[in-house]
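On the provided structure of chain A, position chain B as indicated by the hints.
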Amino acid sequence: MDRRVANSEWDRLRPRRAGEDHDTEKTKLLFLGDATGLSGSRSLLSCRIRRRCRRFVSFRSSAPPSRLPTFFPSGGTLAGLRSMVSGLTCGKLASWTIAAVLLQILGLSFFMIGFFPVKPTLPGFSGPESYRMPTCEPVLNAQDSELPPEKLRSFYKELSKVPPSYDRLVLMVIDGLPAEFVLGRDNKPPTKTMTEAMPYTQSLLSAGKARAYHAKAEPPTVTMPRLKAMVSGAVGGFLDVAFNFNTQALLDDNLLDQFKRIGWNLVMLGDETWIKLFPKLFIRQDGVSSFFVKDTIEVDFNISRHLDAELAAEDWNLLILHYLGLDHVGHIGGRHSILMAPKLKEMDDVIMMIHTHTILHQRNNAADTLLVVVSDHGMTSSGNHGGSSYEETDSLALFIGLSIENSDSAFNVPMSASQISFISCHATLSLLIQVDVAPTLALLFGVPIPNNNIGVILRGMLDSLTDEQRLRALQLNSWQMLRLLQEHSPGLLCGNLTGIGGDIGLLTNQDVDSTNEKLGYLFSKATSSHNMWLLRQTSDVTSNSNDDLELAVSSYYKFLGNASEWLSHRATDVIFISCRYVDKLNLMVLQKPINLLLSGIAIMLISCILQLNIVFKLFKEVFIIERKHFSLSKELNQVWHIDESFTLIGILIHVLSLGASSMVEEEQYTWHFLTSTLFLIFLLSVIRSSLKTPASYFMKSNKHENNHPLRKSLSNEESGPTTNDKSSRSKQLHENYQASLILLVLILGRVLRGWHQGGVNWAHLPDISKLLIQTGDFYIKAFQIITLLGLMVLGSFAFSLVRRRISLVYIVWISYFICGFLVLLHIIDSQSNIIGPTYSSVNSMAQIIYICVGSVILFTVFVSPWVLPVDHEVGSVITGLKSSSQSNDMQSSSFLLGVRDCTYLIGTTFTVFWCLLQLLLQQRINDIPVLIVYLQEMASIIYFSSYRTKHRQWVEVAAMYFLGMTGHFGLGNSNSLATIDVAGAFIVNFFTVQFIYERLGISNHSTVLSGILMFIITYAAPLLAFLSMLIYISVKDMNDLLPNHPGLDTLHLMIGFPCLLPLVLNSVVLVAFTIILLLMRNHLFVWSVFSPKYLYLCASTVCVYIGVLIIAFTVVYTRSVLAVRSGVKSSLYTNSLDTKSVSDD
Amino acid sequence: MDNGEIAVSKALALHLLCTLGLAAGFFAAGIAYNLSLVTDPAQTLSFLLVFETPIVVASYSFVRRDHDRPYWEAVSMALFGLPVGALLNALGAIVLGAPVGPKYWISTIYWSCLMSLFTFVPAVCVFGWSRMDWQRIIANSKPKQATDCLVSLPAQGAIVGAWLGAWPMPLDWEMPWQEWPICVTYGAIAGYIVGMILSTVFVHVMKNHPHVKDD
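As they're listed, the protein sequences go chains A and B. Read left to right, the first sequence gives residues 1 to 1145 (full-length UniProt numbering). Read left to right, the second sequence gives residues 1 to 215 (full-length UniProt numbering).
Isolated chain A (complex conformation) (with noise of 0.2 Å):
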């Protein structure tokens, strides 16, 4: 103490140079006096120190009271000035600081808007209107559709004069199977392996017997969109797709319907996304969950156990079967899982027993039967999907009992130039989109096309029919896509289809610039070649027909290739990718709205730019005040560290790899070589003030030699003059502590790093989750059970450090431990759910938990600031983690150690509680990744707190940040869709949504809570890193900072950078990836990559937004509660203080 002293007595009394003022000199007494503790003892220098805050107060409240807002409740007579003047420039900033985020909130929404357009689609169901010419008037007569189903099945059929082919539809669909399997790839037939385990449809197909297809699926490839396009035919928004994960009631038009008006039957079987779908559709159902993953053959026997019953059966009309097993065959195993090659068996004998059955009842019965074979979506190698690579989009879609036998015929009909074209495009006829499905199915079965279709009925499936009921059904479905088409542009055909005629001619010749004008010119084409064809045959001349019919056909293909594709344009702005239609129109660029997306952009680059400005006057305020501290030391007053310039160019080495679509889907590597770095480069610095002090210990009795200006760093108080042996050796004890902490962040961040590979490109590279889930449950289990323990014992530790054991403290200590042994008990049982369905008992486990952990939470943060003790005594309630809170006479200083304890504990229960809640809800293999980020987070906190002067705030706030989204991706996210972990998609999780709802008993699927869910999931990383930033408040020193005086504005330097830099810095990225997806909104990536990475940014801007509220939320509150509440308790006693300290002066 003497030795302190003396030292602060020695810079007292050296020279004081020109440019250094007084008043700098007395804050470095100030600064010196609160850090080093001084006691009672020394009262002259405390007296000092109050003159000098009082001066600071007033130098700071000069603004006119009455502009002060009323930012915190006034609670008694000091309290209350106390909260005025923090108010003042703490209001201001706030006010500046929401201002920004409403205008950034305004202007993602403008270019969201603009951006992915809400498709438009018609209501209601396709009527008998269907089978007449649109015009421009809306039709309405709903009055047929009221008509009896049978009634309306004939009138349907009369009006259509295509008569349907079929009678009966069975319709399997195949989960997750390729194309590739059956059909194979590149022309190439498939492997041996894959031949062999279908014998029976390879036969079929090599007969001729069947008709097979690549579907291409539209991303994203789950189960539940998919189904929704096959049956509907239209393809959803973007945000639709993104926004409806969850299985909810398809209520616009489909097949189904359509089938129930005419008065099918329906029988489902299989996965129960088809009963959420179509909930009371069904006159026989038996649904099977896709929950339990390891089940690859229950699920299936579950659906084949019925086949025989209802193959016997007559009373159906349409029966649709969904075999999950070969989905989670690839889920567990991989595309080339030694289960698949059985699975598929299994599946061709499935069909084979169809077709074999269906041939036979053909014999009694004159219905036809017509099998078809769909699978909803692919799988990458690994057996995942949800992306849009080809592994995933190859879909099949199989024809088996069509009435043609020769699967050639296709090719007999002469050929147009386009035909031609489009064949040598693909080899092969055999490519589609899935969503052809729905209007073939609908005019094989008679029955309108559903009114949002976007598909073309498939040209092999129409060989059957007459050339006049050709030309006819491809009139059905012009129709039905220029309804549509009117839909999307009104007015599109008014103008120009009075002008149809046989003159075709006038319009052949025409300069054609606007899609409108160009689809119309190409309907009315078909249109007049189509009634030149009749004509013909009316007229009876032979000549030339079949080119009349050709032209025709090809002509009505050319209208609605082109109109499907500029539909799905228009609707989720996929592009295809596959060169469907030859002849592509300039329809690819597409119409934005760009006076919309331009003010977007420009609403969020001034909120940008806000926020910029006020974090950097922000850093100047706290830059004034370090230079008045630290005055004397050289390095400290350097502008820019290592560190910070660092920290900038690597946030803008970020935004600029954004503009690389490989690097977006990488982006894991970007976070973790920057975090990396960073952490790198702190301990670099370590390192160096490590070998500085022993070195300026010997430069100074060696100072003939070198003539530097005394390196006296004030981070080290004890390295100056008197320095001995003992202190540089604790010093270095430190250092080495300090080191290990960096190591410890290193090498944890590179096992995250190991853990999942992440990304697209290099997914299916080992890493260490797929060695734990190949070696067994066992060891999952085992690593389960040993991050609760870990997480048991870091909490406890944590709690322990509350110096002061008040009851609430022992209350949470205790619930704390009470819900880590309801989450063991839940990872216990987590074993058996696999198997068995009862998992009643778990469910009311869980709900316990939620409970336990929600309540527990919200009565920390509400009464822990109104029940700990503050008083005037020496000491604080609660440690900093490392050398801060030295206790001090001062009544302030009590009071800031008050909010600095309370805020502790908060942020304690925080962040334990919710690495609690995500063991319980994250997949079970990310239970070690959660404990690293946690344990990465605590040590750069205590990093951080033992050492205070080397980093500014901001870089420790930013490496916080960048730790968080670190995890983020070491979680096992990435920026595509796939790795969501939704609706049950992600089988790979035992723990998703789908299986909330089982726990929460929550029977009707609410969008809101699955999506809080999702969110909790996905952003667990950054969350916990915001929520850590309340433990790194409540324990960084910033005594430096914060000189302990009620009057000086310290809530904007406490809780400033934590809140206003991970708003900036999601902000830039915000702004910059914005203008980046407007300028590469025609890339090829534009819908797979950037788009979904565009939807993860505003989510993160989302957990941004959430994780500055609580920090923000947090330390006001509880600084205003301690506010009132020391001002209610203590006013007179300080101001006796006061008076003591004037009087004194």
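In case anyone wonders, no lab produced these hints; they're calculated from the structure. Hints may be right or wrong, so weigh each one.
[Stated by the list, open to error] Chain A residues, not near chain B, derived (Cβ > 10 Å throughout):
| id | residue |
| --- | --- |
| 1 | Phe-116 |
| 2 | Leu-152 |
| 3 | Pro-164 |
| 4 | Glu-314 |
| 5 | Asp-349 |
| 6 | Arg-470 |
| 7 | Phe-616 |
| 8 | Arg-688 |
| 9 | Leu-691 |
| 10 | Gly-749 |
| 11 | Ile-827 |
| 12 | Met-845 |
| 13 | Ile-1106 |
[Said to hold, decoys possible] Here are the simulated DSS-like pairs of lysine-lysine, each with C-alpha atoms no more than 30 Å apart in a straight line:
| id | chain 1 | residue 1 | chain 2 | residue 2 |
| --- | --- | --- | --- | --- |
| 14 | B | Lys-10 | B | Lys-142 |
| 15 | A | Lys-188 | A | Lys-345 |
| 16 | B | Lys-142 | A | Lys-731 |
| 17 | A | Lys-345 | A | Lys-151 |
| 18 | A | Lys-620 | B | Lys-103 |
| 19 | A | Lys-161 | A | Lys-620 |
| 20 | A | Lys-731 | B | Lys-144 |
| 21 | A | Lys-192 | A | Lys-345 |
| 22 | A | Lys-781 | A | Lys-770 |
| 23 | B | Lys-142 | A | Lys-770 |
| 24 | A | Lys-157 | A | Lys-209 |
| 25 | A | Lys-558 | A | Lys-525 |
All C-beta atoms, glycine included, are put in the ideal place defined by N, C-alpha and C.
Same frame as chain A, now just chain B:
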């Protein structure tokens, strides 16, 4: 004790030698065994090592700061420092995300030895165990003496170059050189050469304006 002065020509010669060593390594690997860094990274790196190690050790030991130390001591310390520096470099690379696994061990070892030659070995040769020199070289971002330039600028260049060289690795160009040690090695060598040029310039500047070192 030497005050760290060094003739510009000497510095230039030293750097030229080091560059020549690298070039000779590439040349020998390419001509004699038809190896290139892209196709056979490990073997090519070993060639570079074989040629570069003696040159770096010999030449930097020659400009050792403390000329009282015998030449062989500097050389032996350099040979001792090579694996130590390699270990540090390898740890740094792995922490930054270099792949771990039997497939990559050999190339990682060779690469880190090469990095050690660029960074650690020259420092060991020149400074030995002089603590003061070490703290100066690590703690100061600006070199103050000519020998500091000679050691630290190429080393910093190599590290920054290697760091930058890692950036193309996640791109989906599917080029063979995007594999682990290849583009990082290219980056390191490029940075090393830039550092050497800068160091020559600095030595020249310091010679002509001796007051620079006082800043």
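Results of checking the hints against the structure:
no., hint, result
1, Phe-116, "holds, 25 Å"
2, Leu-152, "holds, 54 Å"
3, Pro-164, "holds, 49 Å"
4, Glu-314, "holds, 56 Å"
5, Asp-349, "holds, 41 Å"
6, Arg-470, "holds, 45 Å"
7, Phe-616, "holds, 25 Å"
8, Arg-688, "violated, 5 Å"
9, Leu-691, "violated, 4 Å"
10, Gly-749, "violated, 7 Å"
11, Ile-827, "holds, 29 Å"
12, Met-845, "holds, 39 Å"
13, Ile-1106, "holds, 30 Å"
14, B:Lys-10 x B:Lys-142, "holds, 21 Å"
15, A:Lys-188 x A:Lys-345, "holds, 21 Å"
16, B:Lys-142 x A:Lys-731, "holds, 26 Å"
17, A:Lys-345 x A:Lys-151, "violated, 43 Å"
18, A:Lys-620 x B:Lys-103, "violated, 51 Å"
19, A:Lys-161 x A:Lys-620, "violated, 80 Å"
20, A:Lys-731 x B:Lys-144, "holds, 27 Å"
21, A:Lys-192 x A:Lys-345, "holds, 13 Å"
22, A:Lys-781 x A:Lys-770, "holds, 15 Å"
23, B:Lys-142 x A:Lys-770, "violated, 47 Å"
24, A:Lys-157 x A:Lys-209, "holds, 27 Å"
25, A:Lys-558 x A:Lys-525, "holds, 10 Å"
Going through the hint list in order, the structure does not satisfy hints 8, 9, 10, 17, 18, 19 and 23.
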